[in-house]
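Since the structure of chain A is already known, use the hints to place chains B, C, D, E and F with the ligands on it.
Chain by chain, the residues:
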Amino acid sequence: MNRGKKDRSLTTGARDAAAPDEAARPGRASYEPELSGGHGKRWFWGAALGLLAMAAIAPAAMADEVSLEMFTINNTWMLVATFLVFMMHLGFASLEAGMTRAKNTVNILFKNVFIISIGILTYAIIGFSLMYPGEFNGVLGWAGIWLQPGPDDMTAAYDPGFTYWTDFIFQAMFAATAATIVSGAVAERIKLPAFMLFSLIYISTTYPIVGSWQWGGGWLDEGGFYDFAGSTLVHSAGGWAALAGVIVLGPRIGKYVGNTIRPIEGHNMPLATIGVFLLWLGWFGFNGGSVLSADPEEVSLVFVTTALAAAAGVIGAMFTSWTVQQKPDLTMTLNGSLAGLVGITAGADVISPFWAMIVGFIAGIIVVFSVIGLDKAKLDDPVGAISVHLTCGIWGTLAVAFFGGGDLVWQVIGVLACGATYFISAMVFFLILKATIGIRVSENEEIRGLDIDEHGMESYGGFQIFSSR
Amino acid sequence: MNRGKKDRSLTTGARDAAAPDEAARPGRASYEPELSGGHGKRWFWGAALGLLAMAAIAPAAMADEVSLEMFTINNTWMLVATFLVFMMHLGFASLEAGMTRAKNTVNILFKNVFIISIGILTYAIIGFSLMYPGEFNGVLGWAGIWLQPGPDDMTAAYDPGFTYWTDFIFQAMFAATAATIVSGAVAERIKLPAFMLFSLIYISTTYPIVGSWQWGGGWLDEGGFYDFAGSTLVHSAGGWAALAGVIVLGPRIGKYVGNTIRPIEGHNMPLATIGVFLLWLGWFGFNGGSVLSADPEEVSLVFVTTALAAAAGVIGAMFTSWTVQQKPDLTMTLNGSLAGLVGITAGADVISPFWAMIVGFIAGIIVVFSVIGLDKAKLDDPVGAISVHLTCGIWGTLAVAFFGGGDLVWQVIGVLACGATYFISAMVFFLILKATIGIRVSENEEIRGLDIDEHGMESYGGFQIFSSR
Amino acid sequence: MNRGKKDRSLTTGARDAAAPDEAARPGRASYEPELSGGHGKRWFWGAALGLLAMAAIAPAAMADEVSLEMFTINNTWMLVATFLVFMMHLGFASLEAGMTRAKNTVNILFKNVFIISIGILTYAIIGFSLMYPGEFNGVLGWAGIWLQPGPDDMTAAYDPGFTYWTDFIFQAMFAATAATIVSGAVAERIKLPAFMLFSLIYISTTYPIVGSWQWGGGWLDEGGFYDFAGSTLVHSAGGWAALAGVIVLGPRIGKYVGNTIRPIEGHNMPLATIGVFLLWLGWFGFNGGSVLSADPEEVSLVFVTTALAAAAGVIGAMFTSWTVQQKPDLTMTLNGSLAGLVGITAGADVISPFWAMIVGFIAGIIVVFSVIGLDKAKLDDPVGAISVHLTCGIWGTLAVAFFGGGDLVWQVIGVLACGATYFISAMVFFLILKATIGIRVSENEEIRGLDIDEHGMESYGGFQIFSSR
Amino acid sequence: MKLIVAYIQPERLTAVKQSLFDSNVTKMSVTNALGCGQQMGYTETYRGATVEVNLLKKVRLELAVTDAFVKPAVDAIIKGAKTGQIGDGKIFVLELHECVRIRTGETGEAGVG
Amino acid sequence: MKLIVAYIQPERLTAVKQSLFDSNVTKMSVTNALGCGQQMGYTETYRGATVEVNLLKKVRLELAVTDAFVKPAVDAIIKGAKTGQIGDGKIFVLELHECVRIRTGETGEAGVG
Amino acid sequence: MKLIVAYIQPERLTAVKQSLFDSNVTKMSVTNALGCGQQMGYTETYRGATVEVNLLKKVRLELAVTDAFVKPAVDAIIKGAKTGQIGDGKIFVLELHECVRIRTGETGEAGVG
Ligand SMILES: Nc1ncnc2c1ncn2[C@@H]1O[C@H](COP(=O)(O)OP(=O)(O)O)[C@@H](O)[C@H]1O
Ligand SMILES: Nc1ncnc2c1ncn2[C@@H]1O[C@H](COP(=O)(O)OP(=O)(O)O)[C@@H](O)[C@H]1O
Ligand SMILES: Nc1ncnc2c1ncn2[C@@H]1O[C@H](COP(=O)(O)OP(=O)(O)O)[C@@H](O)[C@H]1O
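These protein sequence lines map, in sequence, to chains A, B, C, D, E and F. Quick note: the first sequence uses the numbering used here, first residue 1, plus one each step. Quick note: the second sequence uses the numbering used here, first residue 1, plus one each step. Quick note: the third sequence uses the numbering used here, first residue 1, plus one each step. Quick note: the fourth sequence uses the numbering used here, first residue 1, plus one each step. Quick note: the fifth sequence uses the numbering used here, first residue 1, plus one each step. Quick note: the sixth sequence uses the numbering used here, first residue 1, plus one each step.
So here's chain A without its partners, still in its complex pose (with noise of 0.2 Å):
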C-alpha cells in the first residue's frame, strides 16, 4: 500500500537525503523540478548577506530503512504536531466566539465541537481514503470504506516517519480544519442543522478529494504544484467556502444600513486573544508536522519561519490598522498574525527565514485591506476568516513561487484549479440547503440570538448582557 500524505516535489539539494519521508515512500513518481531561479532567489538573502550556506550543509543521510529509534522519534514528533493541532480547534472556536455576540456564543462552541468530531470521524469512514487512495488516476481514487491497516503498516515499512494510525491521525486533525475556517464566517445567521450537513459534506467529499490531486499524489502534485502544508489545500479550502457561504446568506442584520458600515462588536478580546494564540501554537505542528518526521534541520527551519512570518504578520498588521484607521486594532493585529501564518504554511520549508518574514509581513497589510474591502463589498464575514485564510492563502501559495523556488504558473494553475472547485462544490451544497431545509434563522431568531433559539441556552447565565444590536 503506497498512500500517505504529501509527496514532497519541492525540496532542496541540501535536505533530499535527509527527508525520510521522500526517500522511502513507496510508488511515488520522484519528480524534482530544477529550481535554478528559486534557488537563486531563496537564498538571495543569505547572499546578501555574504553568506552561501546553508546550501551545502547535509545531515548524515539517513538509509532507506531507519532505525527503530529513529522510526519512534520521528512518530513522536507527528504525535506532538497532532495533537498541536487538535489544539488549533479550540483556537477556532475561541476567536470565533470572542468575534462575535455573546447571543451568538453558545451556537458557535457547538459547531466548533461539532466539526472536530465529525471531521474526524468521517475523515476515519471516508476522507482519508479518498485523500491517499494510494495509486490512482490522479483525479479520484478510493481506498475503501474505514481505516484499513496493511500488514506492515506499523512500521517503518509503511513510512520512516510514522505509523498507519499516525498518517491517519495526523489528517484527521487537518481535515476538520477546513471546515471550522466557515463556520466563523457564517456565524450568527447560519442555521444549525444546515451549517451542519454542509460541514459533513465538505469535508468527507470536497476536501479530500481535492487534497489527493496534491498530497495523494494526483495531477497538481506530478505537475509541480507546491503547498507544503496547505494555505491552498487546507486553508483556501476553507476560506473558499467560507467565501460561498458569506455570499449565499447575506449579511447580518444591521451590519450594512444604506452605504455605511456598522460594525458589530466582539463580545470577548480575551477568548479572541487566547484563540490566536492557540492557533499559532498549533501551527508550530500544522507546519512542523507536515515536514513528515522529526528531521532536525527541516523541522527547526519550519519552527524559524512559521514564528517569523506570524511575527511580521502581527507588525504588518498593527502598521496598516494604525494608518488606516488612526488607531491599532486589536482585532486587526489578531487577524495579522493569523495572516502571516497562512502566509508562510504553502512555503515554509522552502521559504528561508528573512523571506518568511517578509511573507508574513505582506500577508499582514494585505489581511488588513482585504477585511476592509470585504465589508465595502458588503461580505460579511464576522471573523475576517475569508481574508485570513482565503487571501492569505492565496499570496501563501504564490510565494512559493515568488521566494521559495516555486515554478509560478504550476502555483496559480494549483490556485485557480483547486479554488475553482472548492468554491463551485461549495456553493452548490448551500444553495441546495437553501433550496430545501433553508440555511437562515429567522429575523426574530437572529435579534434575540441564535443561542437561545437553537439551544435553548445562554452562554453567560447570570451575566448582564446589553445590547441593542
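For the record, the hints were derived by calculation from the structure and aren't laboratory data. It is possible that part of the hints are untrue.
[As the list claims (entries may be wrong)] Cross-link-like lysine-lysine pairs, in silico, DSS-like; alpha carbons within 27 Å at most: (1) B:Lys376 / B:Lys327; (2) C:Lys378 / C:Lys327; (3) C:Lys255 / F:Lys82; (4) D:Lys57 / C:Lys327; (5) C:Lys327 / C:Lys434; (6) E:Lys57 / E:Lys79; (7) C:Lys255 / C:Lys327; (8) E:Lys2 / F:Lys71; (9) E:Lys27 / E:Lys71; (10) D:Lys27 / E:Lys82; (11) F:Lys79 / C:Lys255; (12) C:Lys255 / F:Lys57; (13) A:Lys255 / A:Lys327; (14) E:Lys2 / E:Lys57; (15) A:Lys327 / A:Lys434; (16) E:Lys27 / E:Lys57; (17) F:Lys57 / E:Lys79; (18) F:Lys57 / A:Lys255; (19) C:Lys255 / D:Lys57; (20) C:Lys376 / C:Lys327; (21) E:Lys82 / F:Lys82; (22) E:Lys27 / F:Lys71; (23) F:Lys71 / F:Lys27; (24) E:Lys79 / E:Lys27; (25) F:Lys79 / F:Lys27; (26) F:Lys79 / E:Lys57; (27) E:Lys82 / A:Lys255; (28) E:Lys71 / F:Lys71; (29) F:Lys27 / E:Lys71; (30) B:Lys434 / B:Lys255; (31) F:Lys71 / D:Lys27; (32) E:Lys2 / E:Lys71.
Quick look at chains B, C, D, E and F with the ligands alone, frame taken from chain A:
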C-alpha cells in the same frame, strides 16, 4: 527495586515483542491470559471488512536492554505526556468554573489550584510509595517516605521507558486528577477546609492503595483485571467520591423544588468549552502516556482510539440530547466528549479503532441519561462529574471485556472491589468531616456565593452579574 | 562557530558524562568548581533518609559525537520546549488581563501580542548575535546582523542538542519574556507607544548583552555564577525593568488615597487562573528546555523540581495569605505558584527535589510579603510582577548557593551586576521616554480606560460592566 | 394610577413574581441594582488590602398599576419578599401621571393592564 | 416638567434615539431591564431540565422633559419603537418636581434642557 | 417625602456616597446606566469601520428621603459629584406618595429612614 507503573497483563501477540515496559520490567509475574474470545471480538470489525491485518504486524523487536537513544525518546514522550496530563487540571478548573455560577468561581479556581499542588506534594511524600511499593502482599505495601531513587533508577535499568523521576511525576499528575473530579460535583456548597482535607486524605491514601492493587502489581492485576489508563483506577475513583460527597452534602438550594428540577445554569460556556478541549488534549497524554513508552504502534493506536471515542461521544450525546431535550444541549455535548474519553480509557490500547468509536458513541448516550437520571434522584452534580467519570468509567471498564478481549468476570470484580473501597472510604471521610468541622456552608453564604465568604473577593470585579438564584 | 546557549559550569559528576551540551560544546573554558560544600547540602535530604543514591548513578556515557538519532530526539525535545515557552506568552497575556480592569483589557492583550512578535523579530535581527557572539571579550560581543548559520550548523557539529535554527527560536521565545513581565507591572496607565518603544529597546539591547555575560560564556560564567534557566537572566531582567517603570510612572489613580491602600480588583479571575496554569505549563519547557538536550535524567529531574517548587509555592502563599489576610486569596495563591517557579529556575537542575520543594515553599511565603510590602511603599504593581519575578528571582539565584552547591559570592555578584545593569538601563530608557513622548496617559483616559482612547474599542462589547473606580 | 418601585433581595425575586401573579399583577419590569441601607455590608480583601463593600446586590422592581391594584401589589411584594431579616427591602409608591402602550397607543388605565 | 420612563425592545433603541433626536429631545438615560408583560416568554432547557423564562430583555429609557416636550417625546418614542408586535413596550409619565444640573446648579426647566 | 434620582459620573460614586453619609443620608440604591446628554461621545473603530458612541457610562442613584432631607441630600450629591466639567450629571426630584419597609411593614416617613 521493581516498583513502576501499570503492569500490562492484557496485550495482544502483536505488540508483545515491541512493548518495552512489558519485557523489561523486572519482578513482575508475567500473566498473559489467553484472549481467544476477546481476540475474536476485537478484530471482528476487521474481519467484517475483509481484513486480517494487524494481528500479524510486529515492529522490530526491542531487546530487554534498550539503546540509550530509545530510552531517551521513551522518556521524552513520557514527559510530554506528563505536561499534557498537567493541562487536564486547567481543563477541570475551566470546565467546573464555567458550569457553575459566577458567585462561586473564585472558590472553584482556588480548589483546583490547590488540588494539583497538594496532589503533587502528597504523592511525593507518601502516594508514590503506597501505589508502587515494589514486591508486596498485593493489598497494601509501602516503599518508604518521600522519593527514593535507587542507584540505577535514572537509566533503562529502572525501566526502558522512563527514569524514576519521570515515573514519579507522570504518576503524580494522575493522582491529583481523582480529587479534581470530586471538586466539580460538590461545587457551590462545600466548605473550603472540608474539601481541602477530604482531597488531601483521599488522594494520599485511598487512591494510591487501590491503585497498587492493579498498577502496583497487586491482587487485581494478578487476577486478570485490566484497566489500561484508569477508567476505574482514576476516573471512577473520582466518581465514587463525588457520589459520596453529593449524597452527604445534599443538593444546592433551589435546585429541586418539590418535584420539579430547576436547572441552575453555568455562567460561562466558553470557559466550559475551553475546559473540555483541554481535557481532550490532556487525554492524549493520559492515554498515550499510559503506554509507558513511545512505542510507535501502540501510542499511535491509542491516539486513534482516544480521538475516535471522544468524537463519537460528542455525536452520541448530541443526538441523545437533541432527541430527549428537543434541542442540542452544549453542556451535554461537552460531557459527551468526556464520556467517550473516560469510556475508552480502560481499553484504549486493546480496543480497535472501530470499536473504540462504538464505545465512545455509547458512552455519549449513557452520559445524557445518567445526568438526567441523577437529577431525577435529586443527586445534584453541577458539572456532571458522576455521570462522566463514574457511570462511563464503569462502562469503559466493562467495554474492555466486550470489545477488547478482557475477562468480564475480572472486569466486574475490579469495578466492584475498587468501587466499594472508593465509595465507602469517601463516605467515611465525608461523614467524619461533617461530624467535626462541618462540610456545608451556611444558607446565607451559599446564596451570596462562596467567593465572598470564603475568599473575600469576586471573580468578575466590575461586571454586572444579575442572578436571582 | 561556537556561539550557543548556556555554558553549564555547575554540574555534578553524575551528569557530566551524559550531558551532551557540555562535552560537545567547542570553545568553552571548562570551568568546574569543586562543589564539596554544595554537594553535601544538595544530597542532605537523601542522606537524611538513609540513601546515598544518585551521586553514583551514571547513564551510559554519550560520546562527543552523538548519533543522528540522539541529535534528532534532542532537537525534537528542544522544539517541544520552544512551543511550551511560546505558550507562556499567552499565559502572561491572560494573567495580566485577568488581574486588571476590564476597561484596559484590549490594551493589555495588544501589548502582549506585540511583545512576542517584536521580541522574535528583534532577536533575529540583533538579539541572538549580541547574546551568543561566540568568542568575545566577555562583556560585549557581536556576531553580525540577522541570523547567520554556518556550514555545519544544522548538524550535531553545531551542538549535539539542537540545530542552529532551534537554538535561535528557543532563545527568541525567552527574550520576549523579559518585556512581557514589565507589561503587567506598568499596566493600566502607560502610553502604548512609550511601552512599545521601551520593550523594543530593552529586549534588543540590555537583555541580550547581560545574557551574554552568562549564557554567552562571558565574565559571569567564567567567574562562577550559576543561573540554570534564568531566575536572574530572564525573570529579574523583567522584574528590575518593571520596578523602574513603576517608579517612573507612579501608581494608578485611586490606588493610594492618603495612607490607605484601595485595592483595585482584577476583572476576571478565570482568565488569571488560565494564565497561571499556562505559565506553569510553559515552565516545563522553560526549565526543561534549558537542559539543552533530552537527557533523560536531567530533564526528568528538572520536571520534578519544577513541579514540586510550583506546588509548594502555592501552598506557601496560601498559608501566608490565609494567615495575614484571614482569607485565602486566590491571586496570592496564583502568584505563589509563579513565585515557586521563578525560585527554582536558577537551580532546577542542581537542587534536589526535596530542597526544590523548600525553595518553592519559601518563595511562596516571600511573594506575599513582597506584594504587601510594595503596596506599603506605594509601588503600584497590578499583577505582582515585581514580587514574583524580581524578589523571587533574587531568592532563586541565591538558593542555588544554599541548596544547589553554587558559590554564594558569585551568586551575589551575579545578582548585583545584572540587577544594576537592568535597573539603571531601564530607568534611563523610561526617563528618556518620559521626557520626550511622555509615558503616562491623561487622567481622563486613565479613568475612561485605555481601550477606548488607545484602541478605540472595548474588550467586552455588549457586557454591562459597572465600575466606579 | 401608581408606579410602584420595590427593592428586594435577588433570591426572593422568584417568590415575589409568584405572589404577584397570584394577585393578578402580571406586568412588571426588573432591574439589577446595588443597595446601601440598614443592612451591614461585608469586607473584601484583595492582595493584602481590605475594602469595605456596602453596596449590596438587590433587585429593583417597577410596576405600573391602577389605584385599585396598589394595595394587592404591595401586599404581594411583601408576602414574597419578607423574611424578617434586615435587608428585606423597601417599596416606594409614586403617582403615575400617564401611561401609554406603544403597540396600540392606548393610554391611561387601559395602557397599564 | 415630566419624567418619562419607557420600556422598549433593545433592538429598537437606535431607532428611538434617532426619532427623539429628530424631535429635539437629545438628553436621556438608558438602563438595561428585564420585562414581564403580555409578551410570552420562552423555554430554555439545560441539562435535561426545562426552565420557563418570562423576563425578557428590555431597555429602559428615562427622559426628563419640560411639559411642552412631553407629547413630542412620547410620539417620538412610539415612532421609533412601534413594530405592532406584542412586546413593543410601554411609556410611563411621572410628574417631575424639581431638576438640578450638577455642574451649574441650575434648577427647574433650565436644568432639564 | 421625595424620591431623588441622580445621574453622576461613575468615578464620582465613592465621593458622592461619602458626602451623603456626611449629611446623614445613608440609604440609597445605585444602578448602572448609560447617558446621553450635553457631553460629547467618542468614536470607536472596529475592523476599519467607525461607530459613534454617544451613550456614556453613568451611575444612577435613587434615594427616598423625607422632605427635610431633600436639600441636604441634593447639596451632598452636588458636593460629591461636581467637577465643573460637562457630564457631571443631573438630579431629579419626584414626589413620593408612599413608602413601605418590607421587613416591618412600617409606612410613610418611618419607612424611609
Ligand atoms: N431611603 C432609601 N432610598 C433608596 N433606596 C433605599 C432606601 N432605603 C432602602 N433602600 C433600598 O432597599 C434595600 C434594603 O434596605 P434595608 O435598609 O436593608 O432594609 P430594612 O431596613 O427594611 O431591612 C437597600 O439595600 C436599598 O437598595
Ligand atoms: N404595568 C407595567 N409595569 C411595569 N412595566 C411594564 C408594565 N407593562 C409593561 N411593562 C414593561 O413593558 C414591556 C413590554 O410589555 P408588553 O406587555 O409586552 O407590551 P404590550 O402589551 O404593549 O405589547 C414589558 O416587558 C415590561 O418591561
Ligand atoms: N433630561 C434628561 N433626562 C434624562 N437624563 C438626563 C437628562 N439630562 C441629563 N441626563 C443624564 O445626566 C447625564 C449628564 O448629562 P450632561 O448633559 O452631560 O450634564 P451637564 O449638561 O450638566 O454637564 C447624562 O449622561 C444623562 O445620563
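The hints, checked one at a time:
Of the pairs offered as hints, the one joining B:Lys376 and B:Lys327 holds, with about 20 Å between alpha carbons and a cut-off of 27 Å not exceeded. Proximity of C:Lys378 to C:Lys327 is assessed by CA-CA distance (about 23 Å); at most 27 Å being required, the pair is judged to hold. With a C-alpha separation of about 21 Å, the suggested pairing of C:Lys255 with F:Lys82 holds against the 27 Å cut-off. Restraint check for D:Lys57 and C:Lys327: satisfied, since their Cα atoms lie roughly 22 Å apart, inside the 27 Å limit.
Of the pairs offered as hints, the one joining C:Lys327 and C:Lys434 is violated, with about 40 Å between alpha carbons and a cut-off of 27 Å exceeded. About 20 Å separates the Cα atoms of E:Lys57 and E:Lys79, which keeps this hinted pair within 27 Å; it holds. Of the supplied pair hints, the one linking C:Lys255 and C:Lys327 holds, its CA atoms being roughly 21 Å apart against a limit of 27 Å. Distance check on the hinted pair: E:Lys2 and F:Lys71 sit about 20 Å apart at the alpha-carbon level, within 27 Å; holds.
Between the alpha carbons of E:Lys27 and E:Lys71 the distance comes to roughly 16 Å, so the proposed pair stays at or under 27 Å and holds. At most 27 Å may separate the alpha-carbon atoms for a hinted pair to count; D:Lys27 and E:Lys82 meet this at roughly 19 Å. The hinted pair formed by F:Lys79 and C:Lys255 meets the criterion: a straight-line CA distance of about 22 Å does not exceed 27 Å. At most 27 Å may separate the alpha-carbon atoms for a hinted pair to count; C:Lys255 and F:Lys57 meet this at roughly 21 Å.
The hinted pair formed by A:Lys255 and A:Lys327 meets the criterion: a straight-line CA distance of about 21 Å does not exceed 27 Å. At roughly 26 Å between alpha-carbon atoms, E:Lys2 and E:Lys57 fall within 27 Å of each other, so this suggested pair holds. As the CA atoms of A:Lys327 and A:Lys434 are separated by approximately 40 Å, the hinted pair breaks the 27 Å bound. This hinted pair checks out: E:Lys27 and E:Lys57 have alpha carbons roughly 23 Å apart, not beyond 27 Å.
Proposed proximity of F:Lys57 and E:Lys79 is supported: the alpha carbons are some 26 Å apart, at most 27 Å. Restraint check: the Cα-Cα separation between F:Lys57 and A:Lys255 comes to about 24 Å, which is no more than 27 Å; the hinted pair holds. In summary, the hint linking C:Lys255 to D:Lys57 is supported, as the alpha carbons are separated by about 24 Å, within the 27 Å threshold. Annotation: proposed proximity of C:Lys376 to C:Lys327 holds, straight-line Cα distance about 20 Å (limit 27 Å).
This hinted pair does not check out: E:Lys82 and F:Lys82 have alpha carbons roughly 38 Å apart, beyond 27 Å. Of the pairs offered as hints, the one joining E:Lys27 and F:Lys71 holds, with about 24 Å between alpha carbons and a cut-off of 27 Å not exceeded. With a C-alpha separation of about 16 Å, the suggested pairing of F:Lys71 with F:Lys27 holds against the 27 Å cut-off. Between E:Lys79 and E:Lys27 the alpha-carbon distance is near 17 Å, which keeps this suggested pair within the 27 Å criterion.
Between F:Lys79 and F:Lys27 the alpha-carbon distance is near 17 Å, which keeps this suggested pair within the 27 Å criterion. For the proposed pair F:Lys79 and E:Lys57, the alpha carbon gap of about 35 Å is over 27 Å, so the pair is violated. Our distance criterion of 27 Å between C-alpha atoms is met by E:Lys82 and A:Lys255, whose separation comes to about 21 Å. Among the hinted pairs, E:Lys71 with F:Lys71 is inconsistent with the structure: their alpha-carbon atoms are about 31 Å apart, more than 27 Å.
With a CA separation close to 35 Å, the supplied pair F:Lys27 and E:Lys71 exceeds the 27 Å bound. For the given pair, B:Lys434 sits about 21 Å from B:Lys255 by alpha-carbon distance, which is consistent with the 27 Å threshold. For the given pair, F:Lys71 sits about 35 Å from D:Lys27 by alpha-carbon distance, which is inconsistent with the 27 Å threshold. A C-alpha spacing of about 11 Å is found between E:Lys2 and E:Lys71, which places the hinted pair at or below 27 Å, so the restraint holds.
In the structure shown, a violation is registered for the earlier hints numbered 5, 15, 21, 26, 28, 29 and 31, in ascending order.
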